[in-house]
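Protein sequences appear in the order of chains R and E. Quick note on numbering: the numbering used here labels position 41 of the first sequence as 41, and the sequence is numbered without any gaps. Quick note on numbering: the numbering used here labels position 395 of the second sequence as 395, and the sequence is numbered without any gaps.
Calculated from the structure, these hints are not laboratory results. Note that the structure is a prediction, hence the values are computed from the model and not measured. Do not rely on the hints blindly, as some may be mistaken.
For identical chains, the list gives no copy identity; a pair is met inside one copy or between any two copies.
Said to hold, decoys possible - In silico lysine to any residue, SDA-like type, Cα no more than 20 Å apart, as pairs: (1) Lys100 - Arg475; (2) Lys404 - Arg24; (3) Lys332 - Ser245; (4) Lys183 - Asp321; (5) Lys183 - Lys222; (6) Lys100 - Tyr74; (7) Lys34 - Lys222; (8) Lys184 - Ser75; (9) Lys209 - Glu359; (10) Lys122 - Pro32; (11) Lys34 - Tyr74.
There are 2 protein chains.
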Amino acid sequence: MQDKKMLPKKADNISDWYLSLIERADLADYGPAKGTIVIKPYGYALWENAVHILDSWFKEAGIQNAYFPLLIPYSLLERETSHIQGFSPELAVVTHAGGKELAEPLVVRPTSETVMYEMFSKWIGSHRDLPLKINQWCNVVRWELRTFPFIRTCEFLWQEGHTAHETEEEAMEMVLQALDWYKKFYEEVFAISPYIGEKSGSERFAGAKRTFSIELVMPDGKALQGATSHYLGQNFAKPFNIQFSDRQNKLQYVHQTSWGLSTRALGGLIMTHGDDNGLILPPRIAPYQVIIITINSKDQQTAAKLRAYVRTIEDQLAKEDIRITTDSDNDKTLGYRMNEAEIKGIPVRIVVGLNEYDEKYVTLSRRDKLEEKQKVKLNGLGEYVRDVLEDIQGSLLEKSEKMKQNLTVDVNNFDEFKRVMQEERKFIRAYWDESEVTEKTIKEKTKATTRVVELEHISDTDEGPCVYTGNKARRKWLFAQAY
Amino acid sequence: MQDKKMLPKKADNISDWYLSLIERADLADYGPAKGTIVIKPYGYALWENAVHILDSWFKEAGIQNAYFPLLIPYSLLERETSHIQGFSPELAVVTHAGGKELAEPLVVRPTSETVMYEMFSKWIGSHRDLPLKINQWCNVVRWELRTFPFIRTCEFLWQEGHTAHETEEEAMEMVLQALDWYKKFYEEVFAISPYIGEKSGSERFAGAKRTFSIELVMPDGKALQGATSHYLGQNFAKPFNIQFSDRQNKLQYVHQTSWGLSTRALGGLIMTHGDDNGLILPPRIAPYQVIIITINSKDQQTAAKLRAYVRTIEDQLAKEDIRITTDSDNDKTLGYRMNEAEIKGIPVRIVVGLNEYDEKYVTLSRRDKLEEKQKVKLNGLGEYVRDVLEDIQGSLLEKSEKMKQNLTVDVNNFDEFKRVMQEERKFIRAYWDESEVTEKTIKEKTKATTRVVELEHISDTDEGPCVYTGNKARRKWLFAQAY
């Protein structure tokens with residue numbers, strides 16, 4: 001186990017680095033069926049923490065969890081025309097079950113709008129049944145064979161929120177509320193500073209009137225869609241006949257939203273913060289925030305002293321609700337064990353030996369500043385570590401913010417646009433005339449797609465010339481090559 | 001909404017009562033595809049509480065959660081012969097995906113032994129990798145069209161624990177540890193007193209060497225399998241080639257276990273405790289342990305007083321970490337609202353009006369003793385309610401224990417066996433010669449199957465005559481008709 005290979009350099013080839021890191025840090029493995037992955041315990045612990053935090057925010061806001069069937073009759077999926085058009089190339093279809101061919105094939109859910117809204121139409125009758133605010137934590141399947149763990153997989157885990165409202169205003173409030181949760185989640189938990197905005201018509205969710213999204217700037221200048229929030233209008237309400245009698249006793253169609261965040265987010269987390277030594281986990285999401293490592297010792301008495309000292313340290317940290325793990329494995333070298341802690345991205349490492357024991361201090365180092373070692377007194381250690389963890393959380397976010405700025409450039413002409421995409425690969429902010437033809441042409445020539453018009457630019461009217469056509473354009477958009 | 005129909009009597013037709021209750025208490029609904037159900041928020045909240053409790057026990061014992069793929073290549077499922085024989089009639093099969101016919105069909109997991117053990121064989125190399133203790137919370141699909149919500153559905157939610165060990169002893173310890181968690185869960189959380197024992201050869205899990213099970217006695221005398229724990233021996237280790245080099249550096253096959261509890265448990269919970277007025281939920285699993293209902297009042301000043309008083313009560317209860325909900329909906333009658341609280345099975349109901357406000361007390365009643373109303377002083381209310389909740393929890397378990405005793409009878413001859421099964425429908429404890437032919441004949445004649453030999457009787461040697469053949473039999477078994 002000592003000879004596990006080093007990671008490739010992140011700067012040399014980020015894909016190779018990412019794939020090696022996933023393996024070395026025990027985050028995931030490939031499943032037996034093509035396109036599938038296994039989320040291993042250390043990777044799953046990240047997801048569990050994410051679920052726990054988001055779920056508590058949803059519940060505080062009165063969102064109720066429920067569970068809808070995995071298998072959806074094909075005809076139900078066809079009911080909203082653009083929805084089936086968008087999803088049909090990605091569907092996995094059950095044609096046989098219980099030893100027989102099915103009369104109607106069943107689709108393994110790629111998302112749950114159709115199956116949920118079929119139920120909503122049964123459940124909603126009056127304005128007193130509204131708003132209906134449902135969330136589901138589940139697995140979905142979208143056929144995808146160019147597997148890239150977490151980022152592109154046949155099956156992924158996610159939450160999908162689905163709400164129905166009396167008015168468009170109320171629905172739009174919900175759309176923005178969900179977007180705000182995702183922003184807060186990325187910034188405050190994942191320590192990633194994202195772009196937030198609205199998608200263009202061609203990049204909209206299949207069936208939505210408006211799609212808002214969280215766009216993450218990856219270190220290679222590519223975009224990773226981090227979460228989406230859709231205003232569905234009455235696009236589904238009409239084919240699914242979700243009507244309610246309003247306060248004037250008139251029948252109306254509901255206004256709907258849906259919004260989701262998936263295990264894909266973990267891909268963004270890993271890629272953003274990791275370095276050549278392994279993962280770097282923001283403390284708020286880290287399964288273990290601190291690892292305590294004892295130096296190797298064959299001497300019984302020393303080992304006993306160190307064990308007792310570790311317990312004292314654990315008590316100090318437990319008082320501050322710090323998640324800890326301890327490594328006292330004398331069968332592996334200290335170097336190997338320190339290396340493992342680095343690869344796993346544990347935010348704070350505490351090493352103790354006889355010196356530390358005798359003088360009642362610990363040797364502490366931060367995963368994000370490996371070169372610095374600190375002597376910290378046992379007395380007050382819990383509070384000190386709590387502060388260090390907060391500091392790491394903050395400085396990772398700052399670093400991400402800087403990376404975002406460095407990897408974004410405002411561009412006025414298409415030659416420069418092409419040059420930046422080809423030579424530097426960054427996010428580009430540029431005027432676009434909002435024509436689909438222009439969008440498509442830019443994509444063909446540069447592989448860059450429109451990501452979003454940022455929230456703060458949505459209402460802009462300061463016209464400028466489109467970066468490609470020179471036509472009058474109302475707003476600047478973000479462009480990038482996407483994962 | 002006031003004219004929702006009454007429940008059928010539980011004693012008249014328990015199936016009708018059960019189905020009506022599922023609907024009236026908003027626990028579940030039927031999904032669009034045959035055989036599927038939707039778990040509605042109130043039903044899902046029960047599952048979430050169950051997950052939370054079991055998951056904390058598993059984690060304390062070092063079980064790690066992970067996530068394995070939903071879709072399994074058919075060939076993998078065939079690798080263990082009796083496994084595929086057992087499951088093949090129940091499989092849902094994906095034959096088309098991404099718009100194409102698949103070269104090899106993929107099975108929607110009916111359970112995850114095969115996909116997990118394919119990975120275990122990659123992950124395990126040495127005794128240092130053992131024990132490997134993995135758990136997964138997920139959905140599984142087993143084709144079943146005679147839908148009975150929670151109890152028989154095409155898809156259900158569950159946890160499946162899978163462990164690999166160096167020795168048979170260690171694996172058997174794990175099997176019994178899991179069984180013990182399930183026992184504790186049913187007794188202490190669901191307030192259900194189960195039978196616990198080992199299954200006969202014909203009732204064993206497909207691929208297991210030994211299957212242990214939790215058997216619940218339903219009020220109609222039928223059995224509901226509440227959870228199972230399997231010793232797999234090396235039955236999977238060999239075809240999946242899960243080998244490790246032992247402490248003497250010799251290659252050995254691992255010894256394995258798997259164990260699971262599903263949303264089926266909710267069916268047992270509902271059926272055991274509910275009565276003609278609705279659900280009765282044990283406090284430890286109840287989404288809300290207390291409902292506070294204010295009497296109707298059109299008078300603004302009175303309403304304001306009651307609102308303030310409710311807040312005081314909420315504070316008292318919150319101090320004791322009691323889960324509460326409040327109903328101050330003046331648009332519905334007090335009777336209707338009290339009725340709804342009963343149907344939802346909320347353990348404690350607190351009603352407050354002006355009298356209560358003026359004299360600083362509440363009117364409290366227990367869901368399990370509706371006829372008794374108590375005046376309870378505001379001062380010390382939290383502690384009082386905490387005690388009442390504990391008392392309800394205990395007395396529901398006691399009731400379940402009595403029901404189990406009343407619905408079990410020891411029988412010595414087959415005429416009596418047939419009479420009891422036909423006229424009374426109970427659990428029968430009887431000597432059985434442990435021949436499969438006898439077991440099959442008894443089933444044909446009485447619809448009763450062997451449930452388990454109870455743990456305390458497994459090692460019995462006090463021979464007696466088999467209830468059917470009269471042959472020498474070593475142990476008494478429990479027989480019942482099963483859900």
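Okay, the hints, checked on the actual structure:
For the homomeric pair Lys100 and Arg475, neither the shortest alpha-carbon distance inside one copy (56 Å) nor that between copies (41 Å) is at most 20 Å. Taking the shortest alpha-carbon separations for Lys404 and Arg24, neither the intra-copy value of 27 Å nor the inter-copy value of 53 Å comes in at or below 20 Å. For the homomeric pair Lys332 and Ser245, the shortest alpha-carbon distance between copies (18 Å) is at most 20 Å, but the shortest distance inside one copy (70 Å) is not. Taking identical chains as interchangeable, the C-alpha atoms of Lys183 and Asp321 are never at most 20 Å apart, the minima being 25 Å within one chain and 31 Å between chains.
Taking the shortest alpha-carbon separations for Lys183 and Lys222, only the intra-copy value of 19 Å comes in at or below 20 Å, while the best inter-copy value is 52 Å. Taking the shortest Cα distances, Lys100 and Tyr74 sit within 20 Å of each other both inside one copy (17 Å) and across copies (16 Å). For the identical chains of this complex, Lys34 and Lys222 are neighbours neither inside a copy (25 Å) nor across copies (44 Å), given an alpha-carbon limit of 20 Å. Taking CA atoms no more than 20 Å apart as the test, Lys184 paired with Ser75 passes in neither setting, with 38 Å inside one copy and 45 Å between copies.
With identical chains, the CA atoms of Lys209 and Glu359 are never at most 20 Å apart, being 66 Å at best within one copy and 56 Å at best between copies. Taking the closest pair of Cα atoms, Lys122 and Pro32 come within 20 Å of each other only across two copies (11 Å); inside a single copy the shortest separation is 40 Å, beyond that limit. With identical chains, the CA atoms of Lys34 and Tyr74 are at most 20 Å apart between copies only, with a shortest distance of 13 Å across copies and 24 Å within one.
Violated hints, in rising order: 1, 2, 4, 7, 8 and 9; the structure is consistent with all others.
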